[in-house]
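**Student:** The lines below spell out each chain.
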Amino acid sequence: MSFLNPLFLIGLSIVSIPIIIHILSRKKPRKIEFSYLKFLEIAARRAIKKFRLRQYLLLLIRCLIIILISLIFARPVIRYISSSENIETILLIDNSYSMNYYKDGITRLANAKESAKKIITLLKPGEKLSIFSFSDSLIPIVKNPTTDRRIVLSELENINLTHNKTDALNAIKESEKYFENKNTEKRIILFSDFAINGWSSKTSLANEQNKIIGIDVGDDNPDNFAVSGIDINNNSIGITIANYAGYDKRILASLYIDNIKYRDIFFNAESYKSITQNFNLKNISNGIHRCFLEIEPDKLTVDNKNFFAFNYQDKPKALLIDGNPQFSEFKGEVYFLNTALQNDTLTKVINYDQIDNESFDNYSIIFLCNVSELSRNNVIRLSEFISKNKNIVFFPGDKVKLDKYNTDMSSLFPCEFSSVLDGGELMNFGISDNAEIVKKVNIYKRFLLSPKLNSETLLQFSDNSPFLMKGNNNVYVYAVSANLIYSDIPVKPLFPILIKQLLGYFSSKEILIKNLNIGEKLTESSDPNISGVIYPDGKLTKSSIERVEIPGIYELKYRNKKNKYLNANIEVISGESDLKKITISELKKILGKTSIFKISADKYFEKNIKKILYGSEIYKILIIILLLLFIAETIIANPRKT
Amino acid sequence: MKQFLDPLIIAKLSTMYLKAKFIVEGFISGLHSSRFKGHSLEFAQHREYSFGDELKHLDWTVYAKSDKYFIKQYEEETNLKSYIMLDKSASMGYKSNGISKLEYASYIAASLAYMMIKQGDSVGLLLYDSKIKKNIPPRSNLSHLSVILDELSNLKAEGQTDISKILLEFSKNLKKRTLIILLSDLLEDQENIIKSVKNYRFAKHEVIVFHILDKTEEILDISGNVLFKEIESENTLITEPDIIKKEYRKLISEFIEKYKLEFHKSDIDYSYLNTSTPLDLAITNYLSKRENI
Numbered sequence: 001m002s003f004l005n006p007l008f009l010i011g012l013s014i015v016s017i018p019i020i021i022h023i024l025s026r027k028k029p030r031k032i033e034f035s036y037l038k039f040l041e042i043a044a045r046r047a048i049k050k051f052r053l054r055q056y057l058l059l060l061i062r063c064l065i066i067i068l069i070s071l072i073f074a075r076p077v078i079r080y081i082s083s084s085e086n087i088e089t090i091l092l093i094d095n096s097y098s099m100n101y102y103k104d105g106i107t108r109l110a111n112a113k114e115s116a117k118k119i120i121t122l123l124k125p126g127e128k129l130s131i132f133s134f135s136d137s138l139i140p141i142v143k144n145p146t147t148d149r150r151i152v153l154s155e156l157e158n159i160n161l162t163h164n165k166t167d168a169l170n171a172i173k174e175s176e177k178y179f180e181n182k183n184t185e186k187r188i189i190l191f192s193d194f195a196i197n198g199w200s201s202k203t204s205l206a207n208e209q210n211k212i213i214g215i216d217v218g219d220d221n222p223d224n225f226a227v228s229g230i231d232i233n234n235n236s237i238g239i240t241i242a243n244y245a246g247y248d249k250r251i252l253a254s255l256y257i258d259n260i261k262y263r264d265i266f267f268n269a270e271s272y273k274s275i276t277q278n279f280n281l282k283n284i285s286n287g288i289h290r291c292f293l294e295i296e297p298d299k300l301t302v303d304n305k306n307f308f309a310f311n312y313q314d315k316p317k318a319l320l321i322d323g324n325p326q327f328s329e330f331k332g333e334v335y336f337l338n339t340a341l342q343n344d345t346l347t348k349v350i351n352y353d354q355i356d357n358e359s360f361d362n363y364s365i366i367f368l369c370n371v372s373e374l375s376r377n378n379v380i381r382l383s384e385f386i387s388k389n390k391n392i393v394f395f396p397g398d399k400v401k402l403d404k405y406n407t408d409m410s411s412l413f414p415c416e417f418s419s420v421l422d423g424g425e426l427m428n429f430g431i432s433d434n435a436e437i438v439k440k441v442n443i444y445k446r447f448l449l450s451p452k453l454n455s456e457t458l459l460q461f462s463d464n465s466p467f468l469m470k471g472n473n474n475v476y477v478y479a480v481s482a483n484l485i486y487s488d489i490p491v492k493p494l495f496p497i498l499i500k501q502l503l504g505y506f507s508s509k510e511i512l513i514k515n516l517n518i519g520e521k522l523t524e525s526s527d528p529n530i531s532g533v534i535y536p537d538g539k540l541t542k543s544s545i546e547r548v549e550i551p552g553i554y555e556l557k558y559r560n561k562k563n564k565y566l567n568a569n570i571e572v573i574s575g576e577s578d579l580k581k582i583t584i585s586e587l588k589k590i591l592g593k594t595s596i597f598k599i600s601a602d603k604y605f606e607k608n609i610k611k612i613l614y615g616s617e618i619y620k621i622l623i624i625i626l627l628l629l630f631i632a633e634t635i636i637a638n639p640r641k642t
Numbered sequence: 001m002k003q004f005l006d007p008l009i010i011a012k013l014s015t016m017y018l019k020a021k022f023i024v025e026g027f028i029s030g031l032h033s034s035r036f037k038g039h040s041l042e043f044a045q046h047r048e049y050s051f052g053d054e055l056k057h058l059d060w061t062v063y064a065k066s067d068k069y070f071i072k073q074y075e076e077e078t079n080l081k082s083y084i085m086l087d088k089s090a091s092m093g094y095k096s097n098g099i100s101k102l103e104y105a106s107y108i109a110a111s112l113a114y115m116m117i118k119q120g121d122s123v124g125l126l127l128y129d130s131k132i133k134k135n136i137p138p139r140s141n142l143s144h145l146s147v148i149l150d151e152l153s154n155l156k157a158e159g160q161t162d163i164s165k166i167l168l169e170f171s172k173n174l175k176k177r178t179l180i181i182l183l184s185d186l187l188e189d190q191e192n193i194i195k196s197v198k199n200y201r202f203a204k205h206e207v208i209v210f211h212i213l214d215k216t217e218e219i220l221d222i223s224g225n226v227l228f229k230e231i232e233s234e235n236t237l238i239t240e241p242d243i244i245k246k247e248y249r250k251l252i253s254e255f256i257e258k259y260k261l262e263f264h265k266s267d268i269d270y271s272y273l274n275t276s277t278p279l280d281l282a283i284t285n286y287l288s289k290r291e292n293i
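Protein chains in written order, with the working numbering: chain A, 1 to 642; chain B, 1 to 293.
What the hints contain is simulated information worked out from the structure, not anything from laboratory work.
Given the structure is predicted, the values throughout are model-derived calculations rather than measurements.
Take the hints with a grain of salt, since some may be wrong.
[What the hints assert, rightly or not] Taking lysine-lysine and the BS3-like style, the derived pairs with C-alpha atoms no more than 27 Å apart in a straight line are: (1) A:Lys38 to B:Lys260; (2) A:Lys117 to A:Lys564; (3) B:Lys229 to B:Lys258; (4) B:Lys204 to A:Lys38.
[Unchecked claim] Pulled from the structure, derived: some chain B residues nowhere near chain A, Cβ distances all over 10 Å: (5) Phe51; (6) Val147; (7) Gly224; (8) His264.
[What the hints assert, rightly or not] Derived contacts from chain A toward chain B, CB cut-off under 7 Å, selection only: (9) Lys31; (10) Phe39; (11) Lys620.
Beta carbons are placed, not taken as given, at the ideal position from N, Cα and C, and that holds for glycine.
If we strip away everything but chain A, and leave its shape as in the complex, we get (with noise of 0.2 Å):
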C-alpha cells in the first residue's frame, strides 16, 4: 500500500488524543458512607462487566475513526504489484490449439489479441516490452525489448494457431533469458486459456521470483469432445472419443477412406470419460488407404479430425501341398504346419499329384513339404510365382531327391541340399525370453544346407549350419521337415513361433506405417535415402522433413525401399483438448515465489488490470467504514434508555 498524500499521516498521532481522554476521565473516588452494601455489589457485578466493554469499544471506535479520516486524507492506495519506473514486460501468448476454442464468434486466441492490445495502450509509455507466443515451446515475435508500440501491435497480429500443446511453465522458465538488463524489475504477462493440461509439465520455477499476470481467456464451464486415439490391428479399427464436457453426450462419428464417407458411428460418451468401439473393415481393396475419422462439429474443432493411413490386407492365402500323403492325417507332413497356419492365413493342401491342376494366381505363399520332385513346367510356374513378389517355403524330408533338387530345381534355391546329419542344436533365435523352449526341442536328422550367393541364413543350429535360408526371390528353405520324422519341432510350443516368424519375414517387406504426434520431430528426417516428402495437400518436396506442424498424412519417399506413411495428428492424449481450468491455489503452489494475479478478460478486464497494473484508491471504501464508524458510535454512546 502507499499514499498519495503521505503528510496527513501526521494525523494518525491525534489517535492518542481519545485514549488520554479516556485514562483521564477516571477521577479519584469520592467516600460516601452507605447503609448497606449488599445490593449494591450484586448490581455492580450484573451492570459493570456491559459498562466496561461498551466503554472500551467507544474508546477503539474513536480511535479507528481518526485513523481512518487520517487515512482518507493521506488516499490510500493498494498496489497489488509494484510498479516502480525501472521495469520490464514480457507478454507471452498462448497460442496452443485449445486457443482455438469459440465462443461468441471470436477464438480465444483473438480474444487474447485484444487483452494485450488493452495493455500495451495501457503501459507507460517509455516502457519496454517484447513479445513471444508459446505452445510446447517459446517462439520470440518482438524479441529485443522495445518502447515502438507500432511494431509490437503490428507483430502481435502475426501470431497464429498452432496444432502443438501448452506447456506453459516452460515458456515462463524460457521467457526468463529474454530480460534484457538483470537489474530491472521483472513482470511477465501472460494471455492463456489457463486449462489444467498447460501447468502440468516437470519445469520448475521454485527459484524464481518474478511477476506474472495471468489473463485469462478460458471458460469457467468448457465443453469440447475429440477423437483422442485410432488403433489398428489388422483390419480392425478401434476409435476412442473422449467427452471432456460436463454431461453426457451421443457423439456422431464418420470414417472418411479416400475422402469417401465409409460409415457413421455413434459413440454414447459420458462425462470426462472416455469411449472406445472397434470394427472391421470389409469390401476394401487391398493396399493403402488415406482415411480419417471427423466427430460432429463443437467449440473446439481441431481436435476433431484424426487422420490415419490404413493397409488393407485381406488374409494370405497359402497352398500347401504334401509330397508324401499318408492315410492318417496326422501322419501327413502338412498336419502340423496347416494347424499352425490356420489364424493367420487361408490354407488349402493338396498332394503334389494335384499341383498340375491347381492355379497358383489365387495363394501368396506356396508351401511343398518332402515334394521329392518338380517338373520342369512346375519349376518354370513356381519361378513364375515368386517373379510377382509371393512366397514359397521348402520344408524337405526323406523323399527329397537330392540329386534333382541340386539340379534341375536348383534355381529356385537360396542354397545346396549336401547331406543328412543327425542330430543338432538349435540356437536361441532371439527369442531370449523363452529359451527353454528352444533347448526342449529334439532333432533327430537335418540337412546340411549350403548357401548360394545372394542367400541369407535367418536361423541357425549351434554349429552355425542354416536351419532357416532364404532366397533375394523370396524363397525360404527349412533344413527339417514339417512332420516328426527330423525332429520333434511340430509338436513343441516352438513350432507356431517360428511359423509366426515366418510370415513377419513375408510382411516385412510391407508398407511401413508410422503415428506421429505434431510438433514431434521426425527420427527418419536425416535418412539419406529418402528422396522427398508428399504432403497431406498431395504437394511433393524433394527435400526431408524435420518436425510435421500441420496434421495430416505424409508420405515419405525412399530411393531403395517403398515408401513410408506419418499418420500425424495433434497430441489428444497429452491433455490439451481438456479444457478445465487450473484453480488459483494449485497455481500458486506449482509457481513457488513467483507471485501471480490472475484477471479474466471479461466486460471488467479494463477496469481490473487498470488496478493491477497502477493499483486502487481505497477512499471510497474508507469513507464507508468512517460512516459505519459513526453510526455505530452513536448507538453504543447513547444507549437505548429504559
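We have chain A already, so just place chain B on it with the hints.
**Tutor:** This is chain B only, laid out in the frame that chain A set:
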C-alpha cells in the same frame, strides 16, 4: 394541616411530646370523624379527653365535679397490649438529607405511643440493635408515655443489626396476645427476617411492620465515582452509581416486593415508608389494624 405531617417540619419541633402530639392531632384534624372507637359494658377507668374522642363517651358527671373533660374507658379497650420494637442499629442512622431513618422511626413510635396511651391502650417499647438495648414493658397510664417519649428523644443509632435473632429471643417473653409494631430498615438476611416475623403470627400475636428506608437507599440518586463504606462494618466498594443505578433499583424493588408478598401471605401488615413519606400513613395503618383486633 397536611403540611404539618411532613417529617421535616415535625423534626423542627423541640420535644418528642410535641412531635407526637402534633402528628396525632394533625392527623385527626384531617379526619371527618374520630376513628377512636371502643365499646364495653364494663367500665375500666377514666382518661383525659383528647381531640377526636366521641363526645358520647364524655363523663359529664366528672365534668360537673371537676370542670374537666374525661372519657370513660371500658375493659375491652384497655386489654390491648402493644410493643413498639424499634431498630436503633447504626444503619438506621443513615440519612441522605433531612432526617435519618431512626429519627423518622422514632416520630412514628412516639405518635403511636401517644395515641395508644391517650386511647387507654398499654404500650411498651423495645430498643435493639444486635441485642436488646432497652425494654420498657407496656403500661397504659399517662406517666408511662413520658417514659417512652424520653427514651425516644435520646436515641442514638449504633451497633450492628440482628433483627431475626432479637425477634426470636423476644418472642419467648410474650405470654399474652400482643400487637407488635416493628420499625426497621430490615436490611439483613431477608429470609431470616421473614421467618422470625412470621413466628409471631404463629403465636397468635398481631404484627405491623413499618419498613423504613431513606430515599437514596431506594433510588440511589448519587453520581460520580464513589467509594461506598458500609456503616455497620468496614466493607467498602468502589463503583459508579450511574452505571449500576438501574440494576440497583430493580434489586431494591424486588426486595420490598418480597416482604410485601410474604407478610401478606401471613396476614401481617406491612408498610413501606421512606423518610420523606408523610407520617400519617403510619398512623392510618395502625388504626386500620387496631380496628380489626
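**Student:** Work down the list of hints and note, for each, if the structure agrees.
**Tutor:** We went through each hint and held it up to the structure:
1. About 20 Å separates the Cα atoms of A:Lys38 and B:Lys260, which keeps this hinted pair within 27 Å; it holds.
2. At most 27 Å may separate the alpha-carbon atoms for a hinted pair to count; A:Lys117 and A:Lys564 exceed this at roughly 45 Å.
3. With a C-alpha separation of about 26 Å, the suggested pairing of B:Lys229 with B:Lys258 holds against the 27 Å cut-off.
4. Between B:Lys204 and A:Lys38 the CA atoms are separated by roughly 33 Å; this puts the pair beyond 27 Å, and the hint is violated.
5. With a cut of 10 Å on Cβ distances, B:Phe51 stays outside the contact zone with chain A, its closest approach being about 37 Å.
6. Every C-beta of chain A lies more than 10 Å from that of B:Val147, the closest at about 29 Å, which supports listing it as non-interface.
7. Not every C-beta of chain A lies more than 10 Å from that of B:Gly224, the closest at about 6 Å, which undercuts listing it as non-interface.
8. Even its closest Cβ contact with chain A, about 22 Å, leaves B:His264 beyond 10 Å, as expected for a residue assigned away from the interface.
9. Interface hint at A:Lys31: satisfied, since its Cβ lies 5 Å from the closest Cβ of chain B, which is below the 7 Å cut-off.
10. Given the 7 Å rule on beta carbons, the hint for A:Phe39 holds: about 5 Å separates it from the nearest Cβ of chain B.
11. Violation of the interface hint for A:Lys620 is found here, the shortest Cβ-Cβ separation to chain B being roughly 39 Å, above the 7 Å cut-off.
When held up to the earlier numbered hints, the structure conflicts with 2, 4, 7, 11 and fits the remainder.
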